[in-house]
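Could you build all of it, start to finish, from the sequences and the hints given here?
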Amino acid sequence: GYQPAQASGAIAVAMKELGADADTAKLIRRGLKELAR
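Counted from 1, the sequence shown has number 14 at position 28 by our numbering; the numbering is strictly sequential.
By construction, these hints were calculated from the structure, which means they are not laboratory data.
It is possible that part of the hints are untrue.
[Unchecked claim] The calculated label-pair distances, taken between Cβ atoms and stated as ranges, are:
no., residue 1, residue 2, range
1, Asp7, Gly(-13), 26 to 32 angstroms
2, Arg23, Pro(-10), 14 to 20 angstroms
3, Tyr(-12), Lys12, 25 to 31 angstroms
4, Gly(-13), Thr10, 25 to 31 angstroms
The beta-carbon is built from N, C-alpha and C at its ideal position, and this holds for glycine as well.
And the structure:
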């Protein structure tokens, strides 16, 4: 798994990119892409 700090950072990037009103599934997919970098 991922460390909480890594996951939080990835979701923060996703929220900045997609906006705070993005649905959870989109945030998760974008966060996983960020973690894969």
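Hints that the structure is at odds with (numbers, increasing): 3 and 4
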